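**Q** Spelled out, the chains give:
2 protein chains.
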Amino acid sequence: MQEARKQFFQFLARKKLKFTSQRGLIFDVFWHIKDHVSPEELYNAVKQNDPRVGQATVYRTLKLLCESGIAREVNFGDGVARFEPAFGQSHHDHLICTNCHRSVEVMDPKIEKLQEKLARDHGFTLTGHKLYLFGICPHCREKAR
Amino acid sequence: MQEARKQFFQFLARKKLKFTSQRGLIFDVFWHIKDHVSPEELYNAVKQNDPRVGQATVYRTLKLLCESGIAREVNFGDGVARFEPAFGQSHHDHLICTNCHRSVEVMDPKIEKLQEKLARDHGFTLTGHKLYLFGICPHCREKAR
DNA sequence: TTAAAATTGATAAAGACATTCAAAATCTTT
DNA sequence: AAAGATTTTGAATGTCTTTATCAATTTTAA
Ligand SMILES: [Mn+2]
Ligand SMILES: [Mn+2]
Ligand SMILES: [Zn+2]
Ligand SMILES: [Zn+2]
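Residue numbers (the numbering used here), protein chains in the order written: chain A, 254 to 398; chain B, 254 to 398.
Hints may be right or wrong, so weigh each one.
Which copy? The list can't say, so a pair holds if one copy fits it or any two copies do.
[To be verified] In silico lysine to aspartate or glutamate, EDC-like type, Cα no more than 20 Å apart, as pairs:
1. K383 - D361
2. K287 - E256
3. K370 - E358
4. K383 - E365
5. K259 - E337
6. K363 - D374
I should point out that these hints are in silico values taken from the structure, not numbers from a laboratory.
Please read these numbers as outputs of a predicted model, since none were measured by experiment.
Use the sequences and the hints to build the structure in full.
**A** This is the structure we're talking about:
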């Protein structure tokens, strides 16, 4: 908990940026929302604590959170960027229900390995990947029958 | 007439939609651009043949091309939708150079199988997926040293 | 040929995100 | 502590992609 906050603080210090109250608040609100949050949603949550914070500051801080390794952007194909905690989390991909939009975090080391090999076979040095699996979740399938 | 053009024609007929000259032209221009084309790029290419075509029509037709299985949308993370031929093409994913933005089409049946299994293990019925591999291509790596 | 229905393109609108800029906050140097 | 330099902030405006509106035109059906 303190760990992540400290990492953000140190990142800002290293870049000679200031740890302002707004940045601190946005970090805190982001950090204890466990969901995959959009800038709009985060902005609304932040406003509950301090209505004077502007949305430009939320966008700007979200960018800093990503650069510092605290947050990671994901895109579920619903037209908005979403952000999830990336510090102290191991890598995972997402399984998304196209009906209720719930998502499950998944990871298969065999898939990860094969992705590496696939890239290498084409002479690429792999630096990252995005994998989204779309389907119908058990809950929705049950309701449909 | 090409196979694909016929399929588009039949799709329109089935939906009681009209095969207009604009739709025909947009299909033709799309079909012989081999690249992953954005709506803007397609619009410009179409205008070379008929400057009177509006961009709204390009967007609308692109949607029809996707519905009919002629085109498929991909998203390389550069802020625009891109479209590629989907008819008579087997499924593939993309390996994208983050430096020069060139892309390579790749596919690994083992990865595909493991995705199925991963979804099934979580009780999901898999309906689709998006996999983008990002890295540095051989060409760019060579130039960098 | 006439009437009904679908399509078109110019324009406006929407929506997410980025930029601008004057005022405010924060850090540095005296 | 005060002054000065630098950064940050929030409101407003701008940009970019995509969608909606709607009167006019084109196509199909009768
Ligand atoms: Mn996640
Ligand atoms: Mn492709
Ligand atoms: Zn569901
Ligand atoms: Zn390259």
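**Q** Now tell me, hint by hint, if it's right for this structure.
**A** Do the hints match the structure? See the list:
1. K383 - D361: both (13 Å within a copy, 16 Å between copies)
2. K287 - E256: within (17 Å within a copy, 49 Å between copies)
3. K370 - E358: This pair counts as between: shortest inter-copy Cα distance 15 Å, intra-copy 23 Å.
4. K383 - E365: Both: 11 Å inside a copy, 14 Å across copies.
5. K259 - E337: within (18 Å within a copy, 45 Å between copies)
6. K363 - D374: Answer is both: 16 Å inside a copy and 15 Å across each meet the 20 Å cutoff.
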